[in-house]
Amino acid sequence: MKYSGFKVLWEGLGGNKGWKPLWRKPDPKKGYDIIIVGGGGHGLATAYYLSNKFDITNIAVVEKGWLGSGNIGRNTTIIRSNYLLPQNQPFYEFSLKLWENLEQELNYNSMVSQRGVLNIFHSDSQRDAFVRRGNAMLMSGADASLLGIDALKKLAPFLDFQNSRFPIKGGLWQPRGGTVRHDAVAWGYAKEADSRGVDIIENCEVTNFLVKNGRCYGVETTKGIIKSKKVGVCVAGSSSAVMGKVGINLPIESHVLQAFVSEGLKPLIPGVITFGAGHFYVSQSNKGGLVFGGDIDGYNSYAQRGNLPVIEDVCEGGVALMPMIGRARLLRTWGGIMDMSMDGSPIIDKTEIKNLYFNGGWCYGGFKATPASGFCYAHLLATGKPHKDAKDFLFNRFEKGRLIDEKGQGNQPNLH
Amino acid sequence: MLIDHPLLGLRDSSEFIYMGDAKLLNRPNWRSQNIKSKFVEYGYLRKNPAGIHKELWYHEQGDRSWLVVTRNTVTHEILKVELARNLKRKVNAK
Numbered sequence: 001m002k003y004s005g006f007k008v009l010w011e012g013l014g015g016n017k018g019w020k021p022l023w024r025k026p027d028p029k030k031g032y033d034i035i036i037v038g039g040g041g042h043g044l045a046t047a048y049y050l051s052n053k054f055d056i057t058n059i060a061v062v063e064k065g066w067l068g069s070g071n072i073g074r075n076t077t078i079i080r081s082n083y084l085l086p087q088n089q090p091f092y093e094f095s096l097k098l099w100e101n102l103e104q105e106l107n108y109n110s111m112v113s114q115r116g117v118l119n120i121f122h123s124d125s126q127r128d129a130f131v132r133r134g135n136a137m138l139m140s141g142a143d144a145s146l147l148g149i150d151a152l153k154k155l156a157p158f159l160d161f162q163n164s165r166f167p168i169k170g171g172l173w174q175p176r177g178g179t180v181r182h183d184a185v186a187w188g189y190a191k192e193a194d195s196r197g198v199d200i201i202e203n204c205e206v207t208n209f210l211v212k213n214g215r216c217y218g219v220e221t222t223k224g225i226i227k228s229k230k231v232g233v234c235v236a237g238s239s240s241a242v243m244g245k246v247g248i249n250l251p252i253e254s255h256v257l258q259a260f261v262s263e264g265l266k267p268l269i270p271g272v273i274t275f276g277a278g279h280f281y282v283s284q285s286n287k288g289g290l291v292f293g294g295d296i297d298g299y300n301s302y303a304q305r306g307n308l309p310v311i312e313d314v315c316e317g318g319v320a321l322m323p324m325i326g327r328a329r330l331l332r333t334w335g336g337i338m339d340m341s342m343d344g345s346p347i348i349d350k351t352e353i354k355n356l357y358f359n360g361g362w363c364y365g366g367f368k369a370t371p372a373s374g375f376c377y378a379h380l381l382a383t384g385k386p387h388k389d390a391k392d393f394l395f396n397r398f399e400k401g402r403l404i405d406e407k408g409q410g411n412q413p414n415l416h
Numbered sequence: 001m002l003i004d005h006p007l008l009g010l011r012d013s014s015e016f017i018y019m020g021d022a023k024l025l026n027r028p029n030w031r032s033q034n035i036k037s038k039f040v041e042y043g044y045l046r047k048n049p050a051g052i053h054k055e056l057w058y059h060e061q062g063d064r065s066w067l068v069v070t071r072n073t074v075t076h077e078i079l080k081v082e083l084a085r086n087l088k089r090k091v092n093a094k
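Residue numbers (our numbering), protein chains in the order written: chain Z, 1 to 416; chain G, 1 to 94.
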């Protein structure tokens, strides 16, 4: 189905009877060239790029629940490419470039809104670190500029410039960053993958992998056995549980990250703003609610809900940065399960079992990575070789000592 | 979450620092065979189960003892709390 202004007009005149479902509900075939396990953002993006860029269309996406029922619908919708390390930054910049063209490419309105991302710094040494980060961004072809107090006062006059404990010294500004309507990303990818013949099979849980002589040749599911030449696992949040079925231990702990929405307010936050002295980031949704978040709860969890101490901590951070939100009421909070990896960076790689591939470990940065993750995973599945921008996201970096540790925290996942 | 500290009773989990899987108590002997892969496994690989998990909590805001907490990662229910030093002594005595 093609969307256009004309189509909207036409359907409006005809009582909106011509809209069709965006994807079919097929039963699984006996076999496929590639099975993607996990019908979330990354899995659907992988299926889309495989079918549209690498011309492999005999693909199934199997999903335990309904399409997009995981973290693609539970995040704070921010896109940006403001990383430091040379293994990370080109990848995220590649992702941001794909975001910029996504709506035209998918013919689907995912409301990509490049309203800017502002990281505030509060000390001279933090300024130095942000200058370095900004330069790393520029070197990868991304955009970045350093804002002084005057520019900041113009952009966000409501910040607490009088805060003597954490004085605001300036900010690192990426105008091309912003927010996206997260569910629409999954739906758009699903629509285009489906139109190329990809079977998206919902409510179909993978219960085991078919492995013989160290080769994977399919999956056992709640809808029966499905054979496949290659299997790509893409289930961040449940990675350890799924890979545990074939006895693979991952360098990952699952943690819960909470997100928050306030009641609807008039437009007041210009873009995405992050607090440099605590962990708090905020943007305003198109409905007016402030969407914000902070740290993970910090202990292994698969519960999709968090506890009160982190809610207090995040709200304290918010009020320290912008006291004006102190009287806004919190409407909802929810939790999503993150693959927290040992160095804070993702993995897109083959596994020790032939024809079984793995994509996960996204920590809490998976949403912005969705297009590039899909593209690079599709590249790996189609060609057998890592994409140039994801060539360091390998399992063996841990034993080789080539960790990609943005924060320099070492192998403690709850600190990344 | 409230952790039932063996010496201090119920304490709020925010007094503690979390250190992950209690397998970290069993550091490999550096003289054993295949020590490199053993240390990679020790340092980086985790079972990370959805269900019962034994894990280390450090009572930093309290008596600074290390605890081994058995907890269900799906429900956050705490099933058992032991002093890590007692467990380690038992292992060493064997």
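In case anyone wonders, no lab produced these hints; they're calculated from the structure. Ideal Cβ positions, reconstructed from N, Cα and C, are used throughout, including at glycine. One should not assume that every hint holds.
[As the list claims (entries may be wrong)] Computed list of lysine-lysine pairs in DSBU-like fashion (alpha-carbon distance at most 30 Å, straight line): (1) Z/LYS227 x G/LYS54; (2) Z/LYS407 x G/LYS54; (3) Z/LYS229 x G/LYS54; (4) Z/LYS17 x Z/LYS7.
[What the hints assert, rightly or not] Some chain G residues well away from chain Z (every beta-carbon gap over 12 Å; in silico): (5) MET19; (6) THR75; (7) GLU82; (8) LEU83.
Each hint, compared with the structure:
1. Our distance criterion of 30 Å between C-alpha atoms is broken by Z/LYS227 and G/LYS54, whose separation comes to about 37 Å.
2. Under the criterion of a C-alpha separation no larger than 30 Å, the hint pairing Z/LYS407 with G/LYS54 is consistent with the structure, at around 27 Å.
3. Between the alpha carbons of Z/LYS229 and G/LYS54 the distance comes to roughly 38 Å, so the proposed pair goes past 30 Å and is violated.
4. With a C-alpha separation of about 12 Å, the suggested pairing of Z/LYS17 with Z/LYS7 holds against the 30 Å cut-off.
5. Non-interface call for G/MET19 relative to chain Z: violated, since the shortest CB-CB distance, roughly 7 Å, does not exceed 12 Å.
6. With a least CB separation of 7 Å from chain Z, G/THR75 falls inside the 12 Å interface cut-off, contrary to its annotation.
7. The non-interface label for G/GLU82 is consistent with chain Z: the shortest C-beta to C-beta separation is roughly 17 Å, beyond 12 Å.
8. No Cβ of chain Z approaches the Cβ of G/LEU83 within 12 Å, the least distance being about 19 Å, so the stated non-interface status holds.
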